[in-house]
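S.K.: Heads up: the sequence shown runs through residues -10 to 255, numbered per this note's numbering.
Hint data in this document are derived by calculation from the structure and do not stem from the laboratory.
There's no promise every hint is true.
[Stated by the list, open to error] In silico DSS-like cross-links for lysine-lysine, where the CA-CA straight-line distance does not exceed 30 Å:
1. 139 <-> 195
2. 195 <-> 25
3. 226 <-> -9
4. 226 <-> 195
5. 139 <-> 25
6. 194 <-> 226
7. 24 <-> 139
8. 24 <-> -9
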Amino acid sequence: MKAELVSRLLGILHDEGFRTSDCSGTRSCFDILAKKREILLIKALGNIEAFSRINAMELANLAELLNAVPLVIGEQMKSARLSTGVIYSRYEVHVINAETFGDILRDRMPFIHSVRGNYCVRIDSQLLGRLRRGLDLTQEELATELGVSKQSIHRYENSGRISLDIANRLMDFLHEEIRIPGGIAEDEIHQVSGGILERNLTSLKKTVLREFQSIGLSSQATNAPFDILSLENSHEKRILSIVSDDGRRIGIKVEMLTEASEIIGG
């Protein structure tokens, strides 16, 4: 199932002109590295329940370091299929299905977000206020038309996120598109501590990491085809390193590292 999903995603990316590297054959927090205008770090999963909090931390951390977009693409959550045109979230990482991913790459952006199991959309709250005033309606009068409270209308005109049902009722009444399409690169990713990874490093990797740090490189262990990512002070140059005494696997990792370096610009 996963191999088929990875193959399908690679095909979608190639069709849209992305450079890609298939990293699914090695232990890594992402399965596909891709770049066109921006770098994508994609984790492919049949069931997104397999994506743990630690997986999310590793992926978000690396995305922050690479100025990349972290993304989980899956087929189902528990026993339910992921819906096309909906952006889900797991541990603050965006989750979508392959069809939605293809639509986004073709600039057909989804409107619907799944928040704690409920569908909602983002709206242009300022536009909503202007449209209401243009109809010479008070917040209370619009609330009566929709069957909601005045406080709800006030919230809609300030928060910008409402339920899908209310959004549809508003658009039916106003005869205007007030929804704002979502995207996969819209939210800020915050770097978290790399301590979890560093606690599980071999003594060799710890030694190399300390050596890089001692010469002034900002270095961090990664769960990726490369073991350590180092940045110069300007962050303009990235150094990707493999640290291993396992000669059997290092050849495969070197091949992946070469591809990754060409895509990332290391």
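S.K.: Each hint needs a verdict: does it hold in this structure or not?
M.R.: Hints, one by one, checked against the model:
Taken as a hint, the residue 139 and residue 195 pair is broken in the structure, with Cα atoms around 59 Å apart against an allowance of 30 Å. Taking the CA atoms of residue 195 and residue 25, the gap is near 34 Å; set against the 30 Å cutoff, the hint is violated. Our distance criterion of 30 Å between C-alpha atoms is broken by residue 226 and residue -9, whose separation comes to about 33 Å. Distance check on the hinted pair: residue 226 and residue 195 sit about 22 Å apart at the alpha-carbon level, within 30 Å; holds.
Straight-line distance between C-alpha atoms of residue 139 and residue 25 comes to about 46 Å, which puts the hinted pair past the 30 Å bound. Restraint check for residue 194 and residue 226: the C-alpha separation of about 21 Å stays at or below 30 Å, so the hint holds. Using a Cα cut-off of 30 Å, the hinted pair residue 24 and residue 139 is violated, with the two alpha carbons roughly 47 Å apart. Taking the CA atoms of residue 24 and residue -9, the gap is about 21 Å. The hint holds against a cut of 30 Å.
Going through the hint list in order, the structure does not satisfy hints 1, 2, 3, 5 and 7.
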